[in-house]
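Once you've looked at the hints, go ahead and assemble the two chains, each given alone in its own frame, into the complex.
These protein sequences, in sequence, are chains A and B.
Our numbering numbers the first residue of the first sequence as 1 and each following residue consecutively.
Our numbering numbers the first residue of the second sequence as 1 and each following residue consecutively.
It is worth saying that the hints were derived from the structure and are not from the lab.
Ideal placement from N, C-alpha and C gives every residue a C-beta, glycine not left out.
Check the hints yourself; a few may be wrong.
Just the calculated beta-carbon pair ranges, DEER-fashion [claimed, not checked]:
hint, chain 1, residue 1, chain 2, residue 2, range
1, B, 135, A, 199, 28 to 38 Å
2, A, 114, B, 128, 44 to 54 Å
3, A, 229, B, 135, 51 to 61 Å
4, A, 188, B, 114, 21 to 31 Å
5, A, 267, B, 94, 34 to 44 Å
6, A, 267, B, 57, 46 to 56 Å
7, B, 72, A, 114, 23 to 33 Å
Computed list of lysine-lysine pairs in PhoX-like fashion (alpha-carbon distance at most 20 Å, straight line) [unchecked claim]:
hint, chain 1, residue 1, chain 2, residue 2
8, A, 175, B, 135
9, A, 76, A, 131
10, A, 175, B, 116
11, B, 161, B, 68
12, A, 175, B, 119
13, A, 175, B, 112
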Amino acid sequence: MKKKILSYLGIFIVAIFPLIAYFMPGTKYFLQVSIDILMYTILALSWDMLVRTGQASFAIPGFYGLGAYVAAIFTKTLGFPIIFSIIIALLISSIVAWLLGYLTLRLKGMYFAIATLAFSLILMTLVIQLKDITHGSEGISTITMFAGNKYMIYYLIFITFVIVIGISEYIQRSKYWYSFTAIRTNEQVAKVMGINTVRQKVVMFVISAMIASLIGTYETFIAGFIEPHSVFNLSIGVMALAMVIFGGIYSTIGPIVGAVILKIIDEILSTTIGLGYMIVYGLIIVITILYLPKGVLGIWQKK
Amino acid sequence: MAEKIILETRGITKYFGGLRAVYNISLKLNEKNILAIIGPNGAGKTTTFNLISGVFPVSSGNIIFEGKDITKTNPAERCHLGIGRTFQIMQPFEDMSVLENITTGALFGRHKYSLKEAKQKSLEIAKRFGLFEYKDFVGSKLPLAYRKKLEIARAYATSPKVMLLDEVMEGLNPAEAREMIETIFSLRDEGISIIMIDHIMFTIKELADWVIVMNYGEKLTEGKYDDVVKSKEVIEAYLGKEETC
Ligand SMILES: Nc1ncnc2c1ncn2[C@@H]1O[C@H](COP(=O)(O)OP(=O)(O)OP(=O)(O)O)[C@@H](O)[C@H]1O
Ligand SMILES: [Mg+2]
Chain A
1 MKKKILSYLG IFIVAIFPLI AYFMPGTKYF LQVSIDILMY TILALSWDML VRTGQASFAI
61 PGFYGLGAYV AAIFTKTLGF PIIFSIIIAL LISSIVAWLL GYLTLRLKGM YFAIATLAFS
121 LILMTLVIQL KDITHGSEGI STITMFAGNK YMIYYLIFIT FVIVIGISEY IQRSKYWYSF
181 TAIRTNEQVA KVMGINTVRQ KVVMFVISAM IASLIGTYET FIAGFIEPHS VFNLSIGVMA
241 LAMVIFGGIY STIGPIVGAV ILKIIDEILS TTIGLGYMIV YGLIIVITIL YLPKGVLGIW
301 QKK
Chain B
1 MAEKIILETR GITKYFGGLR AVYNISLKLN EKNILAIIGP NGAGKTTTFN LISGVFPVSS
61 GNIIFEGKDI TKTNPAERCH LGIGRTFQIM QPFEDMSVLE NITTGALFGR HKYSLKEAKQ
121 KSLEIAKRFG LFEYKDFVGS KLPLAYRKKL EIARAYATSP KVMLLDEVME GLNPAEAREM
181 IETIFSLRDE GISIIMIDHI MFTIKELADW VIVMNYGEKL TEGKYDDVVK SKEVIEAYLG
241 KEETC
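So that you can see chain B by itself, here it is in the shape it has in the complex (with noise of 0.2 Å):
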């Protein structure tokens, strides 16, 4: 079976100054598949969602999205044309609301919706989220949970086709967690695709059809989680290579 592919990043290097955070990163995500991301502190991954995102430009490389060359767009254009991402350090907008929060995201993003549509969009989507007993709350002041799942649903008010989320396990309870996996499993099933940067494990195995391991800002390995937590080169990220100093 033929899959079509969505985004394509082909050799994507990022320097910053003499430091090289991501160097000749090449990924395929196949429309309605959920690739993981995964790599030891500082292997280049947020950077990567970055150069995806268009926060910074890349250094070398290209990306391709629905067969379009992307690399010299900026950032709200990627975003209207259908890439969604959230942050690992959550931002939400101070002086604004959970409901303003996705509101904007619903006025500016893909279908740029006129401001009663937008209202009407984000009620729908806290509903959706989880978080419309907090749509009065000012983003911040959410407990963890929330702020992430503000994350996602600021996000996913800009209608993206592809989803880009940067940890949004981390700090999660077991329970939360478990709701997380459900919910990215329902933006999949909606039809987005989605890149995921995680650390934990379990939730990996469950959700990604595929797997790539950065480490020092290059890819190490990819394929199906089963063979790559096999992989020595793995192992040796994670667990450190036998040596002796």
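Chain A extracted, bound-state conformation (with noise of 0.2 Å):
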């Protein structure tokens, strides 16, 4: 019950927040700040609902940047309207995420997270190889959405923010919380309890790949500009794995706290102490993983 009435009061502040930057000084910066939070709480909520099966992805830059150039191009060379480029993005991100989970999710820990690596890496290189649609490393710019109004950009975040808390929740009530628990403790006994595990992870894969695949059409349509080193960063999918770590993993809370957390430590730290703080960053991980393996929220929970 207090959970209860915690989340849907988290959620009633996030959703007044611009409300409350409005009369901050610098609220322009706050703004910027809080959608890029959001945007990496949902990263972290897609990263950590597939890991609950067991499969631990580097594919999220590789379908962020897929997302981001789609929109870009549907964009900017075809003259498309925002909305369609990003439906016509995720469509892509979902057949893309299919064929790759089908080809590489009977591979585990260390190859899939390998394999998914390298298709990260095979896009990027692929979009900077590609000159003639992608203009290669130069980039590419195209039009923003709701002319570069943050408030509005926000509230579409949110509400992105509110569907995805609502997927990986329903995940966690239903029957897939058993199936993916079960998967991830032990495969073969899954199997054998009846539990299709292929078709379960690939499902899951494809709905992970197309959120991140959508924050990558955001991404284009905030900034109006991308280039291949900042959209197939592999840092993103870092940072939403850390995030998942920091805030305690296979669960709702975890990846949001992580997120919340994490993002203000690394805006605090970028801006005071500048190149040096990937150092302390990286630091809070280790300490992390070493002595809280259950992410903050384990402290708490323990009490």
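Structure below.
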């Protein structure tokens, strides 16, 4: 009960945040940071949902970049409206994810991580090489959404955030919690118990890929310009993973808490100590992994 | 009295690389019967279960269930048809309570119960197999006898017609073994056909309608318990040949 009230309160605060920010000095900065935080929260959740089936993926940068590039090319080169190009990006990503999923989800642990990492790198290389379509490493500029109005952008991402929380909580409360946990802890036994493990993993992989791709399309229409090294950036994948581990894996609240805290730390460190911030950031993550296997939420749950 | 065969294997064989783990095993399980497979360590008993439940594909041979050839089906499909099994090395799902382990079987087994029904069923099943007091325990924290019960309860939750029990007696004290024998009889009385692997002779004597003896992956002999234990091959397989090296 208390949990429920707390989570509604949390969502309410996120919902009215722009109004609070409106009265703060440097509104634009606060909004931009909170948009970033929300985007990472969604990415972290998408990574967590997949890892509940035991598959730790590095495909997030690949699908994020794929979404970003499809969105840019379809609006800029082909003159499609934003909404259509987003739909096309989602369609393409889901097809790619089906294929990639069937090819790689039989692999376990390290092998799956490496295969999906390769996918992200191959896509980036392709985008850099196919200059006629993508303009190569120069990048590609296109239109922005809502004429750059940060409030509108914030609420679009907020709605997405609520939907993704809905998907995540549905998994936690439905029969999929049982099948995912079973697959993660013992895939062979899960199969013998009647669970179609490959299909369940592929479906989750596709959903997770579509979410990453959607956030990629948002990135395109927020910035109005993308280039391969920023949208296929592996650190996007590492951040999502770190946020999940930091906050608390296999849950809805863990990735959210992890994303909020780490993104704020990230912001403070990068503006105060500049380049060296990655070291401090890395240390925080190493310390959590060593001493808090259940993430920061683990401390709280113990009490 | 002509009995109905529910499960049959025809010459199933399994190679692991060069190792011939199971060779040309044919067996017939009659409906509502208890068939025991015995044999020394490494004889290929568990591998035979792995072939029947679909954990490994066969190298050759066929598996027939209720008259249909199921050789090419995957383990989940076999579960949905009604083949349930326990594992010799007990493997409760970590991160799940006893009750949740059982619920998983009910959710994805032959009847694919809804979550509400499956939760209800799992409570009944936990009671039936004497697991109720441990229902909120994590599987791996259970005492051995209860982990054995959980293996059976979880397989039972998938509503099997045939159950493959891999050494469910192993490590039990006499009182627990007694209870397990009664449990197996109760499953049989409910209409479930059973294949059990065991080393303990008195339980086989009491339970088994038919006994198959395996050695080095092959079927050494089969028959009624009393005949099988007297056969020369079986005595040799267990006690070793009278040879001086
Ligand atoms: N996955 C596997 N890969 C390779 N070899 C295997 C595999 N599983 C079993 N074997 C080998 O097959 C042979 C038969 O093993 P199996 O486990 O079926 O014996 P068992 O009769 O169940 O023995 P026990 O009484 O010890 O349980 C053994 O030599 C074993 O090492
Ligand atoms: Mg064995």
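Hint by hint, here is what the structure shows:
The hint said 28 to 38 Å for the Cβ distance between residue 135 of chain B and residue 199 of chain A, and at roughly 30 Å that hint holds. Checking the proposed 44 to 54 Å range against residue 114 of chain A and residue 128 of chain B shows it holds: the Cβ atoms sit about 46 Å from each other. Between residue 229 of chain A and residue 135 of chain B the Cβ separation comes to about 53 Å, which falls inside the hinted range of 51 to 61 Å. In this structure, residue 188 of chain A and residue 114 of chain B meet the distance hint of 21 to 31 Å, their C-beta atoms being roughly 26 Å apart.
Between residue 267 of chain A and residue 94 of chain B the beta carbon distance is about 37 Å. The supplied range of 34 to 44 Å therefore holds. Against the hinted window of 46 to 56 Å, the Cβ-Cβ separation of residue 267 of chain A and residue 57 of chain B comes to about 53 Å, which satisfies the hint. In this structure the hint that residue 72 of chain B and residue 114 of chain A lie 23 to 33 Å apart at CB holds, the actual value being about 31 Å. With a CA separation close to 18 Å, the supplied pair residue 175 of chain A and residue 135 of chain B stays within the 20 Å bound.
A C-alpha spacing of about 15 Å is found between residue 76 of chain A and residue 131 of chain A, which places the hinted pair at or below 20 Å, so the restraint holds. For the proposed pair residue 175 of chain A and residue 116 of chain B, the alpha carbon gap of about 10 Å is at most 20 Å, so the pair holds. Restraint check for residue 161 of chain B and residue 68 of chain B: satisfied, since their Cα atoms lie roughly 14 Å apart, inside the 20 Å limit. Restraint check for residue 175 of chain A and residue 119 of chain B: the C-alpha separation of about 10 Å stays at or below 20 Å, so the hint holds.
With a CA separation close to 10 Å, the supplied pair residue 175 of chain A and residue 112 of chain B stays within the 20 Å bound.
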